[in-house]
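If you read the protein sequences in the order shown, they are chains A and B. Numbering follows this note's numbering, with no gaps: position 144 of the first sequence is 144. Add 1000 to the 1-based position in the second sequence for this note's numbering, that's all there is to it.
Calculated from the structure, these hints are not laboratory results. Any given hint could be a false lead.
What the hints assert, rightly or not - In silico DSBU-like cross-links for lysine-lysine, where the CA-CA straight-line distance does not exceed 30 Å: (1) A:407 x A:476; (2) A:168 x B:1334; (3) B:1345 x A:396; (4) A:257 x B:1319; (5) A:260 x B:1319; (6) B:1345 x A:170; (7) A:260 x B:1325; (8) B:1325 x A:443; (9) A:85 x A:108; (10) A:401 x B:1193; (11) A:257 x B:1334; (12) B:1159 x B:1193; (13) A:401 x B:1334; (14) B:1345 x A:203; (15) B:1334 x A:155; (16) B:1345 x A:257.
Stated by the list, open to error - Cβ pair distances, simulated, as ranges: (17) B:1313 x A:581: 52 to 60 Å; (18) B:1280 x A:323: 55 to 63 Å; (19) B:1332 x A:4: 53 to 61 Å; (20) A:402 x B:1120: 53 to 61 Å; (21) B:1162 x A:467: 36 to 44 Å.
As the list claims (entries may be wrong) - So, partial list: chain A residues that the calculated Cβ filter (under 7 Å) puts toward chain B: (22) 222; (23) 260; (24) 279; (25) 470.
Backbone N, C-alpha and C define an ideal beta-carbon position, used for all residues, glycine too.
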Amino acid sequence: MPLESVNDFVVRFANVNGSGSASANELFARSVLRMGVPVSPRNIFPSNIQGLPTWYEVRITEDGHLGARGGIDMMVAMNPQTWDKDVASIEPGGYLFYDSTKPMPASKFRDDITVIGVPLTAIANREYTDPRQRQLFKNIIYLGALSALLDMDVKAIEQLITEQFKSKEKLIQSNFHALHLGRDYVTLNLEHPIGLRVRKSDKVGDRIFVEGNSAAALGAVYGGASVCAWYPITPSSSLADAFTSHCRRLRVDPETKQNKFAIVQAEDELASIGMVIGAAWNGARAFTATSGPGISLMTEFLGLAYFAEIPAVVFNVQRAGPSTGMPTRTQQCDLISCAYASHGDTKHPMLFPEDPTEAFEFGAQSFDLADRLQTPVFVMLDLDIGMNHRLCKPFKWDDSKQYDRGKVMTAADLDAGKDFGRYLDVDGDGIPFRTYPGTHPTKGSFFTRGTSRDRYARYTEEGPPYVDNMQRLLRKFETAKDLVPKPLRANSDKATRFGVIYFGSTAPAMDEAAGLLKAQGHHLDMLRVRAFPFHHSVDDFISDHDFVFVVEQNRDAQLRSLIVNECAIDPARLVPVLHFDGTPITARFIASAVSNRLDALKVTPLRKERA
Amino acid sequence: MTYLAKPKFHHPALPKNALGFTHRDYEGSVSTLCAGCGHDSITAAVIEACYELSLPPHRIAKLSGIGCSSKTPTYFLGNSHGFNTVHGRMPSVLTGANLANRDLIYLGVSGDGDSASIGFGQFAHAIRRGVNMVYIVENNGVYGLTKGQFSATADRGSKSKRGLTNNDSSIDLVAVAMQLGATFVARSFSGDKGQLVPLIKAAIEHEGAAFLDVLSPCVAFNNHAGSTKSFDYVREHNDAVNRLDFISPRDAIKVDYEPGTTQIVEQHDGSRLALHKLAPDYDVHSRIAAMNYLMERQAAGEVVTGLLYVEPDPEDLHKHLNTVKAPLNTLEAKELSPGSAALEKINASLR
Ligand SMILES: Cc1ncc(C[n+]2csc(CCOP(=O)(O)OP(=O)(O)O)c2C)c(N)n1
Ligand code: SF4
Ligand SMILES: [Mg+2]
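Using the sequences plus the hints, can you model the full thing?
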């Protein structure tokens, strides 16, 4: 039986990298959105520029499940190289859409799926002579064909094309033409629509559709970053690129045409973080964007910033490690390397945005936190959030907001006779005052160093002042717990002994999994951790439950380790649920891991054991 | 070793500069380096140069890496903010600091290990970006702080105190800086204050990447026979191409130099450099000629010193980045945040 579904299915496009398919595929996803139906698209691409396979997967989901689902209901197979695997990956009863210009032997198909052939190349070759046009319009032709097969509103697509090409009437018309070539072929020759359909709905609302890297970069603009130093690395480069283009639009002085920002592509990640530290030491808001290998290189400097207490913001768009690992695959695998980056006793705050909205929000907030805490702050994105468009709440900004520059002594403060000790804990929160270089002719200067010093920043190798300083840094870390974004708790509507902790890009899959589990009779209280160090409500949540699942996308249960370490929790009570093959975690995966575990736990009621 | 403050007594008769500061106001804490270390003479020269230029001490930021040389910023300009960064990475920190506030004077101090070994890359890239700074390498051919290992500026064939011979070719930081586009390049000798002080002054007034390689013998580990960075060796092989008088914008030029032997170089800020030529054909504005001359003399075993190259109209990183005149660290939310109306438009474009 062919699959039948309205507004709930997965289409995957298999393309050749560099064939210009990306914009047609994105147009497909946006058209569905314009019909009021949520979509969640994902790029699956190799670490190559041209000629290799790429996939673009669109989950059409009226219920708004934005995590990856797993499984493919319709394959748009445009890449002969990956044909066999692509065909094999279709769900039984699914659909295969392909270019039927060249005849294919029957052995290349499956008989448990519906095969839909459209002679795309033949149509394109008949219509166009220029090879580049043939290639590009072929993509629009298949989009047109799909629109008829899936019963889509062609007006939505046309509207998007019109917006995309603005006033370039010729381009608009030629795209319309190609679109209708595909559409007409289907209407005249094929059975349509098929079992998978898109029907107009109203589930999108005022949400926006944006990539996490672009959102984080916009957060940096709003958060007042004026210096960015970076070194290219997938999947973070598009964050620095986006910051550049946002700044060109939003941060150029209209009169002088001069830039209220400085962006330097550094020679490596050591220099990137060095520049960030130098700029922040000197009172500008500065950040870098990188991924795991970059973090490894930055660690010496991060220790300096921790110990010398210099603000810095690091966006880490995580990818699968170790080493070069899988550079174009997603993971949440740098929690430990960031939390404790550098030699000696060090620890650093981290923020875990779940989607682009929070990437924007935390991106801006990270600069306040770094200034307030005078320490490096990591914003932990990953490839799944960073490089994919995600439907999310619109960005918000309060115009009355002033930046929190933290404890900075001014020339007036110094003249008023305030006691300035760079490492003096005047307020008991572990946070000392600083001065910017150049503040005052005779007061408030100090020497910043990575070596030990006393409360007045004077070099010393004596034990007691060293210990005093290290303990103050711990007090500061305590202070951080109440400043960073708090965890969000959602209790199940039925009382339960089980909880789940999750964070970052796992959120949409986890939300969906909770629904699946509930349908199976498994109830879970949920806590989405949004930052490190952990707020006391993380401890509370764990003590409220017998067992807490910790769902994350790495092999070593890194969040769980941090919880065990920082909250002094018995590890036996934290059950790891780990997904780390480089694909985004799915609700199906979480639900099955959790329900297997819960079914097993039912046999041994541990509550009694504890009593 | 704990910090030693210098006793603060001001002799009423101490001379004052145009800002009313005495020499003392440019000093730092007492040096903890070995007695006789070349680096201390460079410290003295920096103090002298800043005093003579009447710079407000707090408008200077001093940054360094790690090493005996990199410790010296503690010993000068006690009223300036200082930053001892990590080994070999002063250039990136200085670059960032400069981006944040273009209005301060940036003095980067490094060693030959710091800049030619671990930090060779950062040295090169800060120079090629044209960061407006004075970059001083206190060059002793060894790692002083870690007790006398060869550094990358040690000449091939030179001998360590322990009798080992260095077989690797040396890096000539002056030649590299020249090649990378530094707009002010000089070499001097810690034992020649008369040459060094005006060079530092000129470098400070230069509005671009100014590089100064200062030979600075390490008395503890590299001042023996067989070393090419010892006091004796450098004195014997010093080939100065010129002597420099620094003339600040305020001073009138007294033209009492013998014609043909003196060249006046006008810098962007109005200061003038009167160069008394010692090598008659040396052209301080020709990068290529300078590099040729350096190579020739080096092959002959000589150490070329003096102002080796200067570009009167340099460009700097801020010019390349087209940044606003106001220091970036003075901009606030009203200048930096595009506001909610702009955000609404962005939201609309993402639907
Ligand atoms: C990452 C790192 N590696 C090694 C060291 C040890 N170290 C300290 S100073 C130094 C060499 C300094 O040599 P140089 O820059 O020539 O300074 P000098 O002491 O000769 O003035 C080394 C290797 C360090 N501080 N950091
Ligand atoms: S070891 Fe050498 S470089 Fe270091 S202070 Fe002593 S003389 Fe100077
Ligand atoms: Mg040295």
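So, going through the hints one by one against the coordinates:
no.: 1; hint: A:407 x A:476; verdict: holds, 13 Å
no.: 2; hint: A:168 x B:1334; verdict: violated, 36 Å
no.: 3; hint: B:1345 x A:396; verdict: holds, 11 Å
no.: 4; hint: A:257 x B:1319; verdict: holds, 13 Å
no.: 5; hint: A:260 x B:1319; verdict: holds, 13 Å
no.: 6; hint: B:1345 x A:170; verdict: holds, 27 Å
no.: 7; hint: A:260 x B:1325; verdict: holds, 9 Å
no.: 8; hint: B:1325 x A:443; verdict: holds, 26 Å
no.: 9; hint: A:85 x A:108; verdict: holds, 11 Å
no.: 10; hint: A:401 x B:1193; verdict: violated, 54 Å
no.: 11; hint: A:257 x B:1334; verdict: holds, 17 Å
no.: 12; hint: B:1159 x B:1193; verdict: holds, 27 Å
no.: 13; hint: A:401 x B:1334; verdict: holds, 9 Å
no.: 14; hint: B:1345 x A:203; verdict: holds, 22 Å
no.: 15; hint: B:1334 x A:155; verdict: violated, 42 Å
no.: 16; hint: B:1345 x A:257; verdict: holds, 22 Å
no.: 17; hint: B:1313 x A:581: 52 to 60 Å; verdict: holds, 58 Å
no.: 18; hint: B:1280 x A:323: 55 to 63 Å; verdict: holds, 59 Å
no.: 19; hint: B:1332 x A:4: 53 to 61 Å; verdict: holds, 58 Å
no.: 20; hint: A:402 x B:1120: 53 to 61 Å; verdict: violated, 43 Å
no.: 21; hint: B:1162 x A:467: 36 to 44 Å; verdict: holds, 38 Å
no.: 22; hint: 222; verdict: holds, 5 Å
no.: 23; hint: 260; verdict: holds, 5 Å
no.: 24; hint: 279; verdict: holds, 4 Å
no.: 25; hint: 470; verdict: violated, 18 Å
Against the hints set out earlier in the document, violations occur for numbers 2, 10, 15, 20, 25.
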